[in-house]
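Asker: If you want the building blocks of each chain, they are given just below.
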Amino acid sequence: MTELLYGIAVAPFKDMAGSPAFFAEVLIGGVFAGLMYSLVALGFVLIFKASGVFNFAQGAMVLFAALTLVGLIERGVPVALALVLTTAVMVALAWVIERVVLRPLVNQEHIILFMATIGLTFFLEGFGEMVWGANVKKLDIGIPDRSFIVAGIQINQLELSAAVTSAVLVAVLAVFFQRTRIGRALRAVADDHEAALSIGIPLKTIWMIVWSVAGIVAIVAGIMWGAKSGVQFSLSLIALKSLPVLILGGFTSVPGAIVGGLIIGVGEKLGEVYWGPLVGGAIENWFAYVLALAFLLFRPQGLFGEKIIERV
Amino acid sequence: MTGPDARPLLEVAGVSVRFGALVALNQVSLGICHGEILAIIGPNGAGKTTLLNAISGFYHPYEGRIVFDGKDRTHLKPPDVAALGIARTFQNVALFKGMSVLDNLMTGRLLKMKGSFLLEALYWGPARRQELEHRAFVERIIDFLEIQAIRKTAAGRLPYGLQKRVELGRALAAEPELLLLDEPMAGMNVEEKEDMCRFILDVNGEFGTTIALIEHDMGVVMDISDRVAVLDYGRKIADGAPEQVRKDPAVRDAYLGVSHD
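Protein sequences appear in the order of chains U and Z. Following my numbering, the numbering of the first sequence begins with 34 at its first residue and continues without gaps. Following my numbering, the numbering of the second sequence begins with 307 at its first residue and continues without gaps.
In short, the hints are calculated from the structure, not lab data. Do not take every clue at face value.
Some but not every residue of chain Z turned toward chain U, in silico, with C-beta under 8 Å [as the list claims (entries may be wrong)]:
hint : residue
1    : Lys-403
2    : Ser-406
3    : Leu-408
4    : Leu-417
Heads up, the beta-carbon is just placed ideally off N, CA and C, and yes, glycines get one too.
Working from the sequences, and respecting the hints, build out all of it.
Answerer: Structure representation (structure tokens):
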């Protein structure tokens, strides 16, 4: 018994203190992983904020963006041009989604829109496979998967660039949605479609913008994840990993997606390394979900989510 | 009160709206004159809200025309109607419940805002000035409607009467030429009704805003409107000064039923 308590409450911290450089490495690894989750979660938050829809297809959009990019590069298109083209494809996709999926479903129940995005997931996966093939592809965007050492701490170059990119993207989006009138229009649309229309907010334009931005976020996430683990169909499953991030951060908060991602990234890495041996490892696989469950019980709106108000 | 002027600001000409086999509006013609307060009354299901929805672009008539300020706008969509200067409130209060009262009113200013997103994002130069100007305008509305104390409260937490008031504020924030109010006093107590009447009269008097409202409280209707139009089963059965409409036998029949003996 004492041994177990010692293993939980004392030994891990002794280990941390014993080798600070290693601890820093684990911590940094956690931060990087967390930012990658945040990147995917961000796509969800954007669409949820604007339309109150949980976009199940966000993972498929990441996959689709990565497939398109890799496919173009494989066919000899220069990387820069391929990026531009992929962006164009994602914006076009947003336009199509607005026309074909969202517009006919204006003012429907959220659950119906949610179902529609499940349909969209299958469509995107199938369509991506049809156009680009089902093989695992290597995505090389010219950033080497090498490490360098700063003050005795090993840092992976690819992970570092992923982290920096996410941070910049997040900052830009947060400012865009909090400071511009689009941000206010966005929240209005999320709250009440009819009222938003009546004060002159064009629903179509707002949705189109938001889905385009979510598509661009999907490209960035696709590049980062694709460069790390190859472009393959399991990429669309990282959507599941970002669910706990959303529950932690709150579905409506851009900063929440970041903080949630960081907590989960750091938490699962530390848990795995320091507490993992106690339970035979694999903490990384369930840590996020258990944490999310706890949040659902005690703070369902998440850390930064808007308070759920319901009058009866 | 400025009193009505003879030119129609909005003209509804022979408008019909159908939902499948149900004819909700049957060739209704109605003019709303510059600067007047027009009350639209009628029993439940008479088509009053349908008429308002047709004017604000939520429904499109399958026949007839709607002309605003001399321009045909029968088939415009709601945001475009709003851009023309027609604001409205809803029967079941459609506020942005998660947003503060202030933000609700600021969304009402969206159509008036212009400029570059980049500057807005940086909150710099003209964008900052613009935000402050709109904020000042909204503060005037807040003072006018006497809702200073609830400025920062989430709209969804307010009691019903105040929500209706905030909704009126959001419509006013757009500086409309024509204001459509769908049962602005439904579910209010006497005191709240009196306040609301005062606000409606003041809006009309001070800003010269033309107002069309749907209301069930006959006392209120007789007190504040310049003109009353009566709908029944999707048709207009009377239209005129309040006193005149009150005496109209067709109106009595519509409300009380026709005796068959």
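Asker: It remains to establish, for every hint, whether it holds in the given structure.
Answerer: Going down the list of hints, with the structure as the test:
no.	hint	in the structure
1	Lys-403	holds, 6 Å
2	Ser-406	violated, 11 Å
3	Leu-408	violated, 11 Å
4	Leu-417	holds, 4 Å
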